[in-house]
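> Sequences listed follow chains A and B, in order.
So the first sequence is numbered by the working numbering: it starts at 1 and just counts up by one.
So the second sequence is numbered by the working numbering: it starts at 1 and just counts up by one.
Think of the hints as simulated: they come from the structure by calculation, not from any bench.
Each residue gets a CB set at the ideal place from its N, CA and C atoms; glycine is no exception.
The calculated label-pair distances, taken between Cβ atoms and stated as ranges, are:
1) Leu-121(A) to Gly-149(B): 44 to 50 Å
2) Pro-304(A) to Asn-72(B): 42 to 48 Å
3) Gly-206(A) to Glu-69(B): 42 to 48 Å
4) Gly-163(B) to Val-386(A): 31 to 37 Å
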Amino acid sequence: MANSPPFDLRKPVDFAIIGSGSAGGILAKELSTAGFEVVVFEQGPYRKTSDFGHDELSTVFRHELNGDIGAQTFRHNENETAVAQPQPPAEYAQTVGGSSAHFTANFWRFREVDFRERSLLGPISGTNFSDWPISYEELEPYYTKVDWEIGVSGAPGPNDAPRSKPFPMPPMPVKSSGVLLERGANKLGLTAQPEPHAILTQPYNGRPACIKCGYCMWFGCEVGAKSSTLAAMIPLAEASGNCEIRAESAVFRIETDKRGRASEVLYYDAAGNEKAQKTRAVIVCANGAETPRLLLMSASERQPDGLANSSGFVGRNLMLNAHVAVNAVFEEPLNDYKGVQVTRIVHDFYECDESRGFYGGGGIDARPLWSTTPILHSMLGMPPDVPTWGAAWKNEIAHNFTRQMSIVGSTTSLAQDSNNITLDPVATDHWGRPGLRMTYMDHDDDIAMGRFLEQRAMELAEAAGSVKFWPFENLPTTGGPHLLGTCRMGEDPATSVVDRDHRSHDIPNLFICDGSSFVTSGRGQPTMTIMALAFRAADKIKAAAAAGTI
Amino acid sequence: MSGASIAAIAQSACTARDRPVSFLSLSPADAADIEAIAARIIPTTDTPGASEAGVVHFFDRAFAKEMKERLNEVLEGLAGLNAAIDDNGRFAGLSPDAQDARLREIETSDFFGLVREMTIFGFFAMSEYGGNKDHVGWELVGFQGHNGGWEYPFGYYDAEAEGGGNDGE
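The following block holds chain A by itself, in its conformation from the complex (with noise of 0.2 Å):
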């Protein structure tokens, strides 16, 4: 190679990748090692393994990963105004890793109804409810590349898709929240089985086994054993030699050259100051909210509502899967603070059932959730019998914390477009791009699955032997970490925004990949089908190189 890093912002490198996350990540490391030069922008700083720690009221009530949350607005439906939100609608990480950095780690893969219910159960009324233009089939290889390359512990379930290898290690060890859930599953004639997760249980590439400290909910890993792109993507697209991160960059727009090309990365610098990185080929993997406003920040003469948008799909079609919790106490400690967050998960009402009477599925586990740490407990935890201060309070707080876990359910979302990520007209971020506004209801459907999720899990609590549990409500949705379904794949240029290799169907050298491509929201854990769509668009773009069609 010629060049290398860091590169000439006016020689045009091989690949801009915005976003360092699940998709980017990936993308960075296949293409970087497969030869290409590429520069990767990544808007928050470049913090690494030994940075992250257990520090709760930075992390989790002062949002220290999540960046500038003032420039995000939220709103139910186009006739309020969008105001700023205590927590960020679209709770992702600017971090070098992204939200990958952070996530908790549950690793479902999709299964083969995810991507072809549309044709099993016909249309539904007002959405924009679709297959996707690839099967579960042609995802499968890539599905098994993530598990033993990224590093997966789990052990198969009994309705799980089918998998072509087993899982590179064993899942982890049950915890007391896993075992009741266990317990009152098979009371209620339901099966638990252990929840895949994109952490290590053994040493495996270099990185260490999980130390089980529980910092995994919203917290980086601080030895690696989590397996985000950080950990285990991003060191080997650097020792390629081809790879650079340029972290604190924050990309406010893709310039397209008179053929309407995209040619140029434009954006602002750790001290605020503009810089254009000149490129053969973009790839966007800011996140489904992120993906969508660059987009439209980037409308030009040329593509007056934003680039990549002749369909007008940019930013609709949200999904961010709703979410339901029972709280639930019980007799002895449980000490679910400690270890990862899920170990036991219940998948007996994914398929959707139309008996039910509307469409929907959604799976099921048990986790500390709110009594992971304490702030968390005494801010949320609490039933609803108790007063919100005082002795009573206190001494709730002090008996629960240990003995707590909650049943939590998530299910699908159906694709609409009032559901949406726009430009916000008033808000401003802290280097003057346009607020990232999020107008979001969910369909009555997906309500109606979360109440019946929330009956379940009911059920499940006193089977497992609760002593008292209630609801959190938790509905209607009003942001969360799943951004979907923004920039859909499809064969269709009228009703999506890329094919089926992630290629924008109105700019030749513009691809996306992250969860904007989605095209129906699965079950409540999308990773490890970002990471799939990933490591699968990377081989459709180094075909596509080798081929001179991009």
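Chain A is fixed; fit chain B onto it per the hints.
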């Protein structure tokens, strides 16, 4: 540096925190009111409460640093709280029962919400933030702190299951 000298420095730091010459951001009277409110939110019972955790030092430090811009809001809240007290008295001088009664009147206010939230933070956040002295907050709830990692079994039910030969594999 020897373990003993580290302990001595740590001890003197704690002593300094116990008897601050002056607060970083709060006047002694405002600090006394905040300490009194926090002590009604998490009272001292047969177990330690907000006072023993030094929660007021969390407030003081936060208003000097990350939460500087919220100080006025809290001072105004305190002024409002005290305005309703007879004879120029202050909240800190009321009996615990009278304090509870006064707080019940304002418990839905933004001011009380903020003070309650900060009391929880000060009781449970890492001691570096000024409160949770000697980890009394963590000890109260049975959180064993940050020891790096943990070993199985974690709790009663996984130990019981392990005894029954089900190790989750």
